[in-house]
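There are 2 protein chains.
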Amino acid sequence: MNKIYVVGIGPGAYEKMTVEAAKTLESCDVIVGYTVYVDLVREHFPGKAFLTTPMRKEAERCRLAFEQAAAGKTVAMICSGDAGVYGMSGLMLEIGTEYPGVEVETICGVTAAVSGAAVLGAPLIHDFAVISLSDLLTPWEKIEKRLLLAAEADFVVCLYKPSSKKRHDYLQKACELMLRHKSPETVCGTVSQIGREGEQMCLCTLQELQGMQVDMFTTVFIGNSQTRVIDGRMVTPRGYRV
Amino acid sequence: MNKIYVVGIGPGAYEKMTVEAAKTLESCDVIVGYTVYVDLVREHFPGKAFLTTPMRKEAERCRLAFEQAAAGKTVAMICSGDAGVYGMSGLMLEIGTEYPGVEVETICGVTAAVSGAAVLGAPLIHDFAVISLSDLLTPWEKIEKRLLLAAEADFVVCLYKPSSKKRHDYLQKACELMLRHKSPETVCGTVSQIGREGEQMCLCTLQELQGMQVDMFTTVFIGNSQTRVIDGRMVTPRGYRV
Numbered sequence: 001m002n003k004i005y006v007v008g009i010g011p012g013a014y015e016k017m018t019v020e021a022a023k024t025l026e027s028c029d030v031i032v033g034y035t036v037y038v039d040l041v042r043e044h045f046p047g048k049a050f051l052t053t054p055m056r057k058e059a060e061r062c063r064l065a066f067e068q069a070a071a072g073k074t075v076a077m078i079c080s081g082d083a084g085v086y087g088m089s090g091l092m093l094e095i096g097t098e099y100p101g102v103e104v105e106t107i108c109g110v111t112a113a114v115s116g117a118a119v120l121g122a123p124l125i126h127d128f129a130v131i132s133l134s135d136l137l138t139p140w141e142k143i144e145k146r147l148l149l150a151a152e153a154d155f156v157v158c159l160y161k162p163s164s165k166k167r168h169d170y171l172q173k174a175c176e177l178m179l180r181h182k183s184p185e186t187v188c189g190t191v192s193q194i195g196r197e198g199e200q201m202c203l204c205t206l207q208e209l210q211g212m213q214v215d216m217f218t219t220v221f222i223g224n225s226q227t228r229v230i231d232g233r234m235v236t237p238r239g240y241r242v
Numbered sequence: 001m002n003k004i005y006v007v008g009i010g011p012g013a014y015e016k017m018t019v020e021a022a023k024t025l026e027s028c029d030v031i032v033g034y035t036v037y038v039d040l041v042r043e044h045f046p047g048k049a050f051l052t053t054p055m056r057k058e059a060e061r062c063r064l065a066f067e068q069a070a071a072g073k074t075v076a077m078i079c080s081g082d083a084g085v086y087g088m089s090g091l092m093l094e095i096g097t098e099y100p101g102v103e104v105e106t107i108c109g110v111t112a113a114v115s116g117a118a119v120l121g122a123p124l125i126h127d128f129a130v131i132s133l134s135d136l137l138t139p140w141e142k143i144e145k146r147l148l149l150a151a152e153a154d155f156v157v158c159l160y161k162p163s164s165k166k167r168h169d170y171l172q173k174a175c176e177l178m179l180r181h182k183s184p185e186t187v188c189g190t191v192s193q194i195g196r197e198g199e200q201m202c203l204c205t206l207q208e209l210q211g212m213q214v215d216m217f218t219t220v221f222i223g224n225s226q227t228r229v230i231d232g233r234m235v236t237p238r239g240y241r242v
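Quick note, the sequences are listed as chains A and B, same order.
The opening residue of the first sequence carries number 1 in the working numbering; numbering runs sequentially from there.
The opening residue of the second sequence carries number 1 in the working numbering; numbering runs sequentially from there.
To be clear, the hints were calculated from the coordinates, so they are not data collected in a lab.
Quick caveat, the model's predicted, so the values are computed rather than measured.
Just so you know, not all the hints are guaranteed correct.
One copy or any two copies: either way a pair holds, since identical chains are not told apart in the list.
Said to hold, decoys possible - DSSO-like, lysine-lysine: derived pairs with alpha carbons at most 30 Å apart: (1) 3 - 165; (2) 48 - 23; (3) 3 - 142; (4) 3 - 166; (5) 23 - 173; (6) 173 - 145; (7) 73 - 166; (8) 73 - 48; (9) 173 - 57; (10) 23 - 165.
Next comes chain A alone, as it looks inside the complex:
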């Protein structure tokens, strides 16, 4: 049976890919992906055919991959981070029903919550929630409800897609909601360009975060009530001292 691999390449650097992801890309004829991600891996896999589609053409990108596989090629669809966290593996399984002769296998990778946490210190050591602030496919009311309940539950919260050109004030709004249940002194951190050139991290309080501008390549971490700064790193203790 023909096979498509949906491969999470991690944050971007070749070395942060899993051994299995690297071997899988090595074994494929065709690598399909969003232009930016293909450019991250291209130099490491010479001799492969690369096919790209722009952002928001996800369904088109999936069918492009399936057509290649149906024609007998071994195909990898790549995603940044992990393909299963706001990635393409779900859509690939959905569209896969149109191509019963092609099997889909997901090769997992390191998602930004995990790679960003390692840069900041250890913010995700205890229970956490991951929330995207993108309202392209999710009503803002739903996102707002999740932010409020996650804050009330004292989760460490990791925010993906904290802003875009059209949504420059969404992080500010999210912080306002968090502040209804979390202290303004809550330890927060941001990381951008994780594992890529220009990687930057910043520690701040929730109150300070509310006034900050970040770009869409930034991952934001909001601590729980126990999160502290230790030697310049953001650390959530493993357990609650009761």
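Starting from the known structure of chain A, fit chain B onto it as the hints suggest.
Just chain B now, with coordinates in the frame of chain A:
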């Protein structure tokens, strides 16, 4: 400056480690860890010194690692999954304040939420919460509150440590709480021994999950209101169809 690497080895198989993790372990003199994890990597890194301590001796294990580093060895402390998700990187940074001459660097890995999701299909495509049912270091009331609020927020919920010998009914209790806000027909999945010999997955409804017994090596996924079964895989759509 002497250096300790805190390395997430992923679910267990060598190939699911990042390239960076494999290179780091290769470069170290000493590999420290919980006995079970050391046994998973031992064969791939011949010639290294391996030091182990049993479960629940975490602080002792950290100091063992720091003592080796302070003595001039290059040391890796290994964790299963990612070191930053219920792992050792937080405690290492805390205890690191006692050893100012030793620098701690975290090498990220694939945590069970991500590796388990890839086995089941694509359950974590949208916002999710990760909750451990272990009440060794966290009061049960806190866990209960998080479960309820996560269910109310319609998060996909991933449960770590769903049971132990002393806590055989905790998964059942968690399902009862989830059922206050989620439908009994909610799509759920369990994965055990991810990426190891004997890997097993199971799809079921939330009502069925409530009656199941799972072991502590199992990771449990409870879908959101949109999660469906597609061709035998658990899939959460990327967006809400509004």
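Evaluation of the provided hints:
1. Taking the closest pair of Cα atoms, residue 3 and residue 165 never come within 30 Å of each other, the shortest separation being 38 Å inside a single copy and 41 Å across copies.
2. Proximity of residue 48 to residue 23 under the C-alpha cut-off of 30 Å is found in both arrangements, the shortest distances being 13 Å within a copy and 25 Å between copies.
3. Taking CA atoms no more than 30 Å apart as the test, residue 3 paired with residue 142 passes in neither setting, with 36 Å inside one copy and 44 Å between copies.
4. Proximity of residue 3 and residue 166 under a CA criterion of 30 Å is satisfied in neither setting, with 38 Å inside one chain copy and 44 Å between copies.
5. Taking identical chains as interchangeable, the C-alpha atoms of residue 23 and residue 173 are never at most 30 Å apart, the minima being 43 Å within one chain and 42 Å between chains.
6. In this assembly of identical chains, residue 173 and residue 145 lie within 30 Å of each other by CA distance both inside one copy and across copies; the values are 12 Å within and 24 Å between.
7. For the identical chains of this complex, residue 73 and residue 166 are neighbours neither inside a copy (39 Å) nor across copies (51 Å), given an alpha-carbon limit of 30 Å.
8. For the homomeric pair residue 73 and residue 48, the shortest alpha-carbon distance inside one copy (11 Å) is at most 30 Å, but the shortest distance between copies (41 Å) is not.
9. With identical chains, the CA atoms of residue 173 and residue 57 are at most 30 Å apart within one copy only, with a shortest distance of 29 Å there and 43 Å across copies.
10. In this homomeric assembly, residue 23 and residue 165 never come within 30 Å of each other (Cα to Cα): the closest approach is 37 Å inside a single copy and 39 Å across copies.
Checked against the numbered hints given earlier, this structure breaks hints 1, 3, 4, 5, 7 and 10; the rest are met.
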